[in-house]
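Asker: Counted from 1, the sequence shown has number 21 at position 22 by numbering that gives the first Met the number 0; the numbering is strictly sequential.
Among the clues, some could well be false.
[Said to hold, decoys possible] Restricting the straight-line Cα-Cα distance to at most 20 Å, the calculated cross-link-like pairs of lysine to any residue (SDA-like) are:
1) Lys133 <-> Arg106
2) Lys133 <-> Ser111
3) Lys133 <-> Ala96
4) Lys133 <-> Ala164
5) Lys133 <-> Gln121
6) Lys133 <-> Glu92
7) Lys133 <-> Phe81
8) Lys133 <-> Asp166
9) Lys133 <-> Arg76
10) Lys44 <-> Leu60
[Stated by the list, open to error] Here are the simulated distance ranges between beta carbons:
11) Glu67 <-> Arg37: 14 to 24 Å
12) Glu62 <-> Glu144: 31 to 41 Å
13) Val42 <-> Gln139: 54 to 64 Å
14) Val98 <-> Glu62: 50 to 60 Å
15) Glu158 <-> Arg118: 36 to 46 Å
16) Gly169 <-> Asp68: 36 to 46 Å
17) Phe81 <-> His114: 29 to 39 Å
18) Glu141 <-> Leu66: 24 to 34 Å
19) Ser119 <-> Arg65: 16 to 26 Å
What the hints contain is simulated information worked out from the structure, not anything from laboratory work. Model, not experiment: these values are computed from the prediction. For every residue, glycine included, the Cβ atom is placed at its ideal position computed from N, Cα and C.
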Amino acid sequence: MPPSDRHIQDRLGNVLHRLTTIERRASAAGESPKLAARVIDEVRKLTAELERSLEDVREVLAECGRLEDAATAASRRAQLLFELAPVPCLVLEMTGAIVAANEPAVRLLNVSRRHLLGRSFQMYLGREREMFLKRIQGLQGESEEWMATLRPRERSSLEASLTAALDPEGRVLIIVQPAREALDGKWHAPPADEATERRTVISGH
């Protein structure tokens, strides 16, 4: 366990205080050999203390690097799971703007990813459009689920279940599950071979 920031600050503060004391002693030492020898000894102790403090700083920096690497790896895994999900998934800002959408969501809404990102998710909703923002802005720790009418581009409307939850960055993850009776002719999850192909492309294997 690396030392805390407070511990390092206390040690460095103590070093600075001792340095000031040594400077005073050095000024008063004059030609006194004994006092000069004590000052030199204090300098040696101070140097060792500084080296230990610097080692603490290096430990903290190394731990920060490890934590950053772990966070990056976790983010990549989450992104991979998002892309490979067999159901439509979107990430929204609290304003309702779409910032990410996986391939099933792109297919469901019948809009290219390039044109989908940045648009408001409300434009693809029916009667729930006005209440949607209040719902997502009222999210707390637990996910919420409700039925909604989706209006894909140039396709008939369909009923779907929306599950909404906050992600670690405070954005909204939306999982869309079209109602079973609305699936025929509207949208289907990609077949197993297509999902495998997308997994291969994303993972690079």
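Asker: Now look at each hint and say whether the structure bears it out.
Answerer: Here is what the structure says about each hint:
no.: 1; hint: Lys133 <-> Arg106; verdict: violated (27 Å)
no.: 2; hint: Lys133 <-> Ser111; verdict: violated (27 Å)
no.: 3; hint: Lys133 <-> Ala96; verdict: holds (14 Å)
no.: 4; hint: Lys133 <-> Ala164; verdict: holds (14 Å)
no.: 5; hint: Lys133 <-> Gln121; verdict: holds (12 Å)
no.: 6; hint: Lys133 <-> Glu92; verdict: holds (13 Å)
no.: 7; hint: Lys133 <-> Phe81; verdict: violated (25 Å)
no.: 8; hint: Lys133 <-> Asp166; verdict: holds (17 Å)
no.: 9; hint: Lys133 <-> Arg76; verdict: violated (30 Å)
no.: 10; hint: Lys44 <-> Leu60; verdict: violated (25 Å)
no.: 11; hint: Glu67 <-> Arg37: 14 to 24 Å; verdict: violated (45 Å)
no.: 12; hint: Glu62 <-> Glu144: 31 to 41 Å; verdict: holds (40 Å)
no.: 13; hint: Val42 <-> Gln139: 54 to 64 Å; verdict: holds (58 Å)
no.: 14; hint: Val98 <-> Glu62: 50 to 60 Å; verdict: violated (31 Å)
no.: 15; hint: Glu158 <-> Arg118: 36 to 46 Å; verdict: violated (22 Å)
no.: 16; hint: Gly169 <-> Asp68: 36 to 46 Å; verdict: violated (23 Å)
no.: 17; hint: Phe81 <-> His114: 29 to 39 Å; verdict: violated (20 Å)
no.: 18; hint: Glu141 <-> Leu66: 24 to 34 Å; verdict: holds (27 Å)
no.: 19; hint: Ser119 <-> Arg65: 16 to 26 Å; verdict: violated (39 Å)
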